[in-house]
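Student: Residues per chain are reported as follows:
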Amino acid sequence: MGAKVESDPASGKNRTAAERTTDREVVVTRTFDAPARIVFEAWTRPELLKRWWAPKSYGMSFVSCEADVRAGGAYRFVFSHPDFEQPMAFFGRYVEVTPPSRLVWTNEEAGEGGQVTTVTFEERDGQTLVVVHELYPSKEALDDAVASGASSGFGDEMFDQLDELLATPGASVGR
Amino acid sequence: MRTGAAGAAPAGASCKPPAFAIILNQMVQYETARIDASFAALSDATRRGVLEQLGRADASITELADKFHMTLTGMKKHVHVLEQAGLVATEKVGRVRTCKLGPRQLAEETAWIEAYRQLWAARFDALDEIVEELKQKEEVDGRKGRE
Chain R
1 MGAKVESDPA
11 SGKNRTAAER
21 TTDREVVVTR
31 TFDAPARIVF
41 EAWTRPELLK
51 RWWAPKSYGM
61 SFVSCEADVR
71 AGGAYRFVFS
81 HPDFEQPMAF
91 FGRYVEVTPP
101 SRLVWTNEEA
111 GEGGQVTTVT
121 FEERDGQTLV
131 VVHELYPSKE
141 ALDDAVASGA
151 SSGFGDEMFD
161 QLDELLATPG
171 ASVGR
Chain H
1001 MRTGAAGAAP
1011 AGASCKPPAF
1021 AIILNQMVQY
1031 ETARIDASFA
1041 ALSDATRRGV
1051 LEQLGRADAS
1061 ITELADKFHM
1071 TLTGMKKHVH
1081 VLEQAGLVAT
1091 EKVGRVRTCK
1101 LGPRQLAEET
1111 AWIEAYRQLW
1121 AARFDALDEI
1131 VEELKQKEEV
1141 DGRKGRE
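Residue numbers (the working numbering), protein chains in the order written: chain R, 1 to 175; chain H, 1001 to 1147.
Bear in mind the hints are in silico, worked out from the structure with no lab data behind them. We treat Cβ as the ideally placed atom computed from N, Cα and C, and that holds for glycine. Treat the hints with care, as some may be off.
[Said to hold, decoys possible] Which chain H residues face chain R? A few, computed with CB under 8 Å, are given here: (1) 1055; (2) 1095; (3) 1108; (4) 1109; (5) 1112; (6) 1113; (7) 1117; (8) 1122; (9) 1126; (10) 1130; (11) 1134.
Produce the complete structure using the sequences and hints provided.
Tutor: Quick look at the structure:
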């Protein structure tokens, strides 16, 4: 009856958990059935990263994916999405690259309020626990990120889009 | 290497536009009714300003009216709409009615975290496939790097 049975994907082993741990930080965890060096490789080779970072179910696709994965190296990802009039760029710099256990990078596209992302890879019994920490510079910065989903961040255009979405029958169905 | 938590910049620009559409789409999928209810409340710039203001500190209706250069009556109406949507809670102490963020704000945070989690879950499902592929390739390539 073991709740940790591998063949049961709903049992929690492969469950992605997310939590706001402090005023300034959000943490995501997930276990992968592979050694840390393999998981790390998938995070650090741009041609691999590009295949999973922008989930297809979100309708996003990479326009370009440049990443100089070493301390001090820059990255720049450009995505397109049917809802965006023009492609969106995400960029920053790697602060730490320690194979196969730790990655740290900055997120600079939103200016100074950007968070620093730290990812740790902890291997145990051939499996790897991945922990993503996103640390914002202040409580206000994280509050703003949260609020932008609900209020202050929207321009009228965004509201129009939402109205459309809300008015579309079946828009609430799906993943 | 964005996590999709907040705004993205248009390629080639470095301003700070809100691009929360992706996560929001997810939120909408399970929050439709609730978001719909609060949309009227949020569709007004003054009311969004009031929420931002209350995010910093509680305030009386008089203070809010001053800050937004409105009459007391006008501000009362706005606060009422926000209160109906659960975005603001008010409490009258003596002659002063104090406004603060309402229960819906907490719900918004919960929804945000859930949308955020779903984004990562979708990513990680795709990553699972890549990891599986790499594992198999490593086995085929002959156990190099293994003990």
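Student: Now tell me, hint by hint, if it's right for this structure.
Tutor: Against the structure, the hints:
The restraint placing residue 1055(H) at the interface with chain R holds, with a minimum CB-CB distance near 6 Å, inside the 8 Å limit. The restraint placing residue 1095(H) at the interface with chain R is violated, with a minimum CB-CB distance near 29 Å, outside the 8 Å limit. Hint status for residue 1108(H): holds, given a least beta-carbon distance of 4 Å to chain R, under 8 Å. This hint holds: residue 1109(H) has a C-beta 5 Å from the nearest C-beta of chain R, less than the 8 Å allowed.
Satisfaction of the interface hint for residue 1112(H) is found here, the shortest Cβ-Cβ separation to chain R being roughly 5 Å, below the 8 Å cut-off. A distance limit of 8 Å between C-beta atoms decides the matter here; for residue 1113(H) the minimum to chain R is near 5 Å, and the interface restraint holds. For residue 1117(H), the shortest C-beta to C-beta distance to chain R is roughly 3 Å, which falls under 8 Å, so the interface hint holds. The interface hint given for residue 1122(H) is met, as the beta carbon of that residue sits about 4 Å from the closest beta carbon of chain R, less than 8 Å.
Taking 8 Å as the C-beta contact cut-off toward chain R, the hint placing residue 1126(H) at the interface holds, the least distance being around 4 Å. Contact between residue 1130(H) and chain R, as hinted, is supported at the beta carbon level, the nearest pair being about 5 Å apart and thus within 8 Å. Interface hint at residue 1134(H): satisfied, since its Cβ lies 5 Å from the closest Cβ of chain R, which is below the 8 Å cut-off.
The structure does not agree with numbered hint 2 stated previously, though it agrees with all others.
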